[in-house]
Amino acid sequence: MTVETATAPTVLAETPGRWERANKATLAMLGVTVVLFLVFGIAAPNFLTFGNISNLATQVAITLIVAVAMTFVITTGQIDLSVGSTVAFVATGTAEMLRAGWDSSIVIIAALVAGLLWGAINGWLSAHQKIPPFIVTLATMSVIRGIAQMWTQGFSVPIDRRLFVAKIGDAKFLGFSALAWIALVAVVLGAVLLSKMRFGNYVNGIGSQEESVRRAGVNTDRIKMITLMLTGLAAGVAGLLTAARLGSGSANSGQGFELTVIAAVVLGGTDLFGGRGTMVGTIIGAVITGVIANGLTLLGVSPFLTPIVTGLVLLIAIWINLRGRSLADLFSHLTRRS
Amino acid sequence: MSDTSLVTLRGITKSFGAVQSLRGVDLTLGPGEVLGLVGDNGAGKSTLMKVLAGAIQHDSGQITIDGRDVRFASPADARRERIGIVYQDLALCDTLDVASNLFLGREPRKGPFIDRRAMHAKAAETLSELHVRVKSTYQEIGRLSGGQRQAVAIARAVSFQPRVLILDEPTAALAVAEVRQVLRMIRDVAAQGVGVILITHRLQDLFEVCDRITVMYEGRSVEDEPVSALDIERLVAMITRSNTEEAA
Ligand SMILES: Nc1ncnc2c1ncn2[C@@H]1O[C@H](COP(=O)(O)OP(=O)(O)O)[C@@H](O)[C@H]1O
Ligand SMILES: [Mg+2]
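Taken in order, these protein sequences are the chains called A and L. Everything in the first sequence is counted per the numbering used here, starting at 22 for the first residue and increasing by one. Everything in the second sequence is counted per the numbering used here, starting at 2 for the first residue and increasing by one.
It is worth saying that the hints were derived from the structure and are not from the lab. Since the structure is predicted, the reported quantities are computational estimates derived from the model, not experimental observations. There's no promise every hint is true.
Residues from chain L shown here face chain A by an in silico Cβ test under 8 Å; the list is partial [to be verified]:
id	residue
1	A56
2	A74
3	P76
4	A77
5	Y88
6	D95
7	T96
8	E108
9	P109
10	G112
11	F114
12	I115
13	A125
14	Y139
15	L184
16	R188
Glycine included, C-beta positions come from ideal geometry on N, C-alpha and C.
Model the full assembly from the supplied sequences, consistent with the hints where possible.
Quick look at the structure:
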């Protein structure tokens, strides 16, 4: 028998080339980013200035922080529609707690815990009670914002600019805002978690074939719950930073934020059906959404054009991401019981 | 017999809603023994093996390993008892690479991080030892042929050095030479004292490697005979229950 005479190893542990390993959708979007930078750089002379790039980093930061967490959620084959509402909830909560005279350090912790708790509720209902996360987070999206609105009666709550939390919103290091640095930390942590740790392997595996990961002895419900807690926590951070940046907390902040975040993740090449997540792609996706908004503003077009363009970008992103599969498949995937 | 048995299943039942898949199954497996498990499609063979691997939980009945009564709440529990299984559907993740699938749930680590270099090196070694033909351990499982996928799933189960090895139709997608390879592997591990349960529709393979054959029919274990007492015609008659039906 020929198979028995084989002496040299028949299987190689050779790393394939960079080109083979690279996510092609992500590469395409990298090209789009370069084109966008060139087009806006030519059309708006002040676009490629350091000042504007730093400004762009600040504008992208909040989206990026939540998009990093959303990458895990989408890679497991789930979705979280409630992040915009959690941002509003935490932003108003932050302003209210500061107004009540709480110390900034306690307010920061409370804000993060609030985000984490909403995430835990989403996670428990979807992973353990087997309600599709699309449905769970559609419901909590309405509930969470509703609570924030009832709490503030729709009024925006101002924050004293002298408080530490407010100062985070204005702080700068090495020419970049504190927000941009926090986003950088989130990206690095997310990238390490996704590609270097077991957790990331299981997240990809669950999105591909959850039952296979479960049969390998992994508690998949726990992993799915943790991913939704990550988006909750990230939305908590985003809510805190939104309040800090605006100097007020409003129950109406973060409207449509979930769409921007999902657009960023999907644009980057993370598969909406799960199983393939890329953190580099998410950075690219977030930058694209930010560049479009920033560039349009610089060109002096109507600010009302931004949500229109964001919506269209989301549509195109999903279209590319589907790669021949139907939207009906996607919908049944997102609403199925796991 | 009972003191030398490795695995004993008694009166195992399992229902999925209104469907009663297992209606009381008895099965024994000794160390170093190769047991053939046969029965028509839908007889409940795969369901029974999932119970033994902890992938699903039975409703009633008793599992005994080495004389100890056990109950598996999860696949991790069964793995701790060193029960290895190749599922009929292989239980692989298409978007993960070969090495990640081979080490799924037990990835080698360096501190908190996966030691990918070690993982791929070990994977290449394991696959080479078992003569599995894949180009690279970095290949995505979804890109492999059915036979390669099956070979990787078998290699994974064997690499746990199980005491009990369950193979649920492991050769369905394999070429002739690869089937010979698997049968030889079964004899090798059995010679080292591993108890093997082989489910297959290739009856000639059963006669080649099995010591004993248990027949399931509609969720029950109905026959249990040493291979030496059987020939192909008798076995076919036992699976299809043709003589009993004629008598009834
Ligand atoms: N998860 C499940 N839900 C409902 N019915 C199931 C499930 N798994 C198996 N069954 C049913 O149990 C019976 C036995 O199936 P199976 O164990 O796969 O048989 P075999 O492997 O012998 O062909 C079949 O009727 C099958 O439809
Ligand atoms: Mg079967």
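Which numbered hints fail: Hints 2, 9, 10, 15 and 16 not satisfied by this model.
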